[in-house]
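Engineer: Start from the sequences and build out the full structure, keeping to the hints where you can.
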Amino acid sequence: MRPFVLLFFLFIWINGFSQSLIPPSEQLADSSLEVFIAAREAGNKESYFYKSNWIKGLTIKGSSQSISLEKLLQQSLQESSLEVKVYKQAVFIYPKKPVPFSLEVSTQKQIRYSPDDQKNEPIIVSEPIKTTNRKLRLTTIGSDQGETGPFTIEGYIRTVEDAQAIVGASISFPNLKSGAITNENGLFTVQLPKGQHRSIIEAYGKDQQELVLDIQSDGEIEFFMVNEIRELDAVVIESGKTSNVQSTLMGVSRLNIQSIKQIPTILGEVDIIKTAILLPGVSSVGEGSSGFNVRGGTVDQNLIRLNEAPIYNPSHMFGFFSAFNPDMIDRFELYKSGIPAQYGGRLSSVMDIGMREGNLRKWVGSGGISPITLRFTAEGPLKKNRSSILIGGRTTYSDWLLNRLENEVLRNSEVRFSDINANLNLSLSKKDRLTVSLYASRDYFLLNADTSFTYFNTLGSINWKHIFNSRLFQSTSVVYSGYNYSIETRRNPETSFELDYQIQHYEFKSDWSYSPSSKHQIKFGMGSILYRLSPGNINPRGPNSLVQPLDIEQEQGLESAVYISEEYDLSPRIRLYGGLRWSFYQMLGSQTVYDYLEGAPLQAENIVDSTVFGNGQLVSQYAGPEFRFSSRFILNENASLKMGFHRMRQYLHVLSNTTSFAPTDTWKLTDPFIRPQISDQVSVGYFQNFLGNAMEGSIELYVKRVQNILDFKGGAQLVLNPYVETEILSGLGRGYGAEFYLRKKKGKLNGWISYTYSRIFTQITGEFPEETINRGEWFPATVDKPHDFSLVGTYQFSRRFSVSTNVAYSTGRPITYPVGKYQLGSSTLLSYSLRNQFRIPDYFRWDIAINLEGNHKLKKLVDSSWSLSVYNVLGRRNPFSIFFVSGTSGIQGYRLSIFGRPITTLTYNFKIK
Amino acid sequence: MTKAIVYIGSLSLIFLMACIDPFVPDVGEYEDALTVTGSLLEGKVVSTIRLGRTFALQEEEGPKVGNAKVEIVDDNGNRYPLRERAEGIYVTDTTELVPQKGSSYQLYINTDDGNEYESDFQEMESSSQIDQLYAEFQERVRGFDTLSGMQVFLDATDVEDKAKFFRWEFEETWHVQVPFPSRGDWDAQNNTFTYYEGDSIPVICYAQNFSSEILLENTRGLSQNRVTRYPIHFVSTETNRLWRRYSILVKQYSVSEETYSFWEAAEQINENLGTLFDPIPNQLLGNIRNINDPDEPVLGYFSADGYDERRIFIDNLDLPDDIFVANGNEFCILDFFFTAQELSIFVAGGGSFVGVVTDFFGNIVGYTGSIKSCADCRTQGRLAKPDFWR
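Chains as they are written, first to last, in numbering that gives the first Met the number 0: chain L, 0 to 912; chain W, 0 to 389.
FYI, nobody ran anything at the bench for these hints, they're computed from the structure. Careful, some of the hints might be misleading.
[What the hints assert, rightly or not] Which chain L residues face chain W? A few, computed with CB under 7 Å, are given here:
1) Leu545
2) Gly819
3) Ser830
Every residue, glycine too, gets a C-beta built ideally from N, C-alpha and C.
Structural biologist: As structure tokens, then:
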């Protein structure tokens, strides 16, 4: 029996070739199909692809005349649920129902081009050739023109269903120890010597393809990838299987949306940020807190980009849900270390989220209902196979959850959020591609019909990619991102107010990539961001309000960067990457800068003078180099060692003296008082694949150091403070860690285990007691959670039924406890320990989800699926926080758990074809 | 304003099925430090400074620091010693020291273990007056039902019409009565019996309570320097405060901006709701230090504040007619005992003797008793009528 590789071959069928006829004598009428196949294979006539349990009990229905093999098999299988396809010497037998949806395009021809358009005959598939023990398809590129090469081969890797480019797919040539990864356009370029080369094409969530490329001259080729047959169990799929060993990148995680959708959810909302937290080195301060922490960094040290546009508040409902509609997302990449030079501006990580492209072949609608939201997406071609549009939205559909509560305060409250995405992809020409992406989100909270809180994200980006030739490629973007919130209260007519905050981000950037030869890849580019902030203004509401309007002065800053990097293959084993990014920042007027009394604490009372800068005038500036370096050394075919160093500079900071990032936190630009944060990180990693690449493992170690980390004075007032610099302290951070990661990607059981040991410390020393924390000694930062373990696993019982589970454990985060009490006035006050001297109890959670797919009938109008998830099966009351309240009976400590009981959710998803 | 935001954050948590359990963290030894509280008041008012030490979380009250030499130093270097009225409570002598607006004062402490402490110099604030203190009947939603009671409001204006920072404290006093007043106290140890007569019968007492929340408001950012309808305290009908007559004394401190921010920080620490959106708590830095060892932690604050006070009374008759007010005696039962023996066991177990039961001819047929809280009002307050009570 052959391995079941049916779909793998489907797309290469070409209709209409002749077959020889089989005389009745060879038809073996009434014998079992197994015997027939054995006889044919023994006679070296054809190769058969099937599963033995499918054909059990089937017999050959012979014919009195010579008929074709296909016809013979077809009439034999007529009453079974099987179908047959014969292609040259390969025979495929497969069940009619359920038919994997990709079969409908199974007759799509593979298209490739030879360099010379006149000779554009569709060729390619020749006899399967025998390598070791498998027969591989042979594809010839170009025609022999007497040159010896090496030749440049360009190619696209696309999905078979809708011809979308696959980013980060890989093609590798094991015998040459070389390979390439597709860029943002799905395009790869390789230099190959003349001759036949075994090639492996891989992409996450897709079946691997293996074939032999016969290179005769320069040329182009296009590959279409089929979803993995057990599409559902594709849990985490980083890029190609060997690329984690081969690439110089480390500390990078890629996940695609299919894998994220498998993971058990809270209240049915698929959440990419909550999924990222399960990866090594990524954590959060608590359930329901916004954002994530990478290697001990703060939440604002992550650059989260949705199709190039940064998002300033990545969550809905104060952090319970992420701001991204899972139906609109294709994948994300998270860079934790060895961050390439084209990225900058944040210290800890870059999370690049790619929106899905619309279906290039036909119009499709899909949607879903969870207890919280209703989602709908429509997509389709604007011009078939060339341009597409995708529009999707998500909204909370009612306040039913609140309305059911008996508490009147809550019944009079409203919680709503919604978001909308649009992604337009235009293929202007074969070499030009324009993408227009839009995103908007809105959160609305009304408390007891009185105080309302609203926040918005608005993002837009226009990206133009142009391929000059196989060596030179550029991508230019214009980006806007805005975040604003407003608070309104009407409780007391005399104190009614409206408070507004806004940040605007205008960005232009251009990235270029040039590969002079297969050994070199040079990337360079520049970018500039103009920030405009309204740090807050408050205005009276209503005629009776006595609130005095206050408008904190606007801030303006320009952050620019140029960079160049080169990736170079020193030898087949050693690859080096070096990059230099030069970033410079200017704070621009108009701005009033206060002068404080020297030798006195920075306090509003100590202001001696002020300087007013006019509009556009330079207030202060900072600049500096950011070095990036990484290297890879291949130890053997399955293992490599990597090393990297990077420096990052950050000019925009969140002012937050709370444990978690809150939507009311404000962003602040670097100014004459607040210096840019700078971090340096050195990391070393060992990567190994096992069991024929079915499993991959890695160990990464890192050490990092941060300068000018922000902290705040006790009881700091950070909103509506014209002298906010007087509340800000700065200090040093240092951290180290080891991350262990083991993942199984193939088989019925797949998933990953990750364990991280890491520490992060802060030191805040100032001239005066109020500018010093913990007597100037190093103390654990709030995100310091030394042990962090997660397990994500899925077991595929059948094609339609799977069960997944998560287990998460981490050390409790540090906390400052009251250690005593004292009398102050007529109140009893708590006396607190040094900052972060204690820890909350450890965190442990177990989740289960059951996923049931509807059948995949080809002609069915609606495809549906159900998902039942139980979050926190054990109902463990994991402390989110420990707090103390002074009441009439003294001071009592409490433990607050957000999801302190099992939460069961049923979600329904549908797709209209 | 910040409070509203915090509330929004915490509300959304509650909405999502959060649960809150009591929790006692193991924090080991507490830090033992000197604590100082009190302020010097403007004008001819007795000011009080209290000295104590920090105490463990599970304790009700901390140790007092007596026998200390406490002085107020003015900006001319004049020193005014304070008198220790009770252990750890030091008061000024108004015949010697009448603090004036515009002068600066410092607190000096010399404890009997030889340590010397001093505060920063504080400039005396001017006083602002309480315009009005009044109560209104309110019904408010609490959880699944409504809660009714009297809301006490305060209006204040600054005479000089400058931005003002206010802090309030209050003392409440109310009439309590027991249904089965005890007629005598049996000292079981000595087997002596004291009959109560006339005023000494513990039937009516005056219960007292002090504000525990930090009450603050400022007129910064308002176009007029007045505070209107500041909600000082809500007196609920669920307690027995409004059963007969209730009185509240509000003390208004006009404080400096610096003092105000100290109290604001204290309030933030004390009312931390514990969500991740609350500020990370920190040790509150006061303005008092050890002269010879600046690293020694000293908790507390000394300020020089303007002062005014106002008292109002609220009667049960001020409430709407149909409002039921608990008196706390709803579950009181009079127990009957046939023999003195039975009664003595009851009294020894914490009960109170109420009276004797006689037949028509005056023969004792039994005794009555009730639990202490139903028989002796001194379990809730003091028997002596306060001077201000009318």
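Engineer: Would the hint on leucine 545 of chain L be counted as holding, given a Cβ-Cβ threshold of 7 Å to chain W?
Structural biologist: holds, 4 Å
Engineer: When the nearest CB of chain W is found for serine 830 of chain L, is that gap smaller than 7 Å?
Structural biologist: holds, 5 Å
Engineer: Have a go at the glycine 819 of chain L hint: is there a Cβ in chain W nearer than 7 Å to its own Cβ?
Structural biologist: Where the cut-off is 7 Å and the nearest Cβ of chain W is about 4 Å from glycine 819 of chain L, the hint holds.
Violated hints for the displayed structure: none, as all numbered hints are satisfied.
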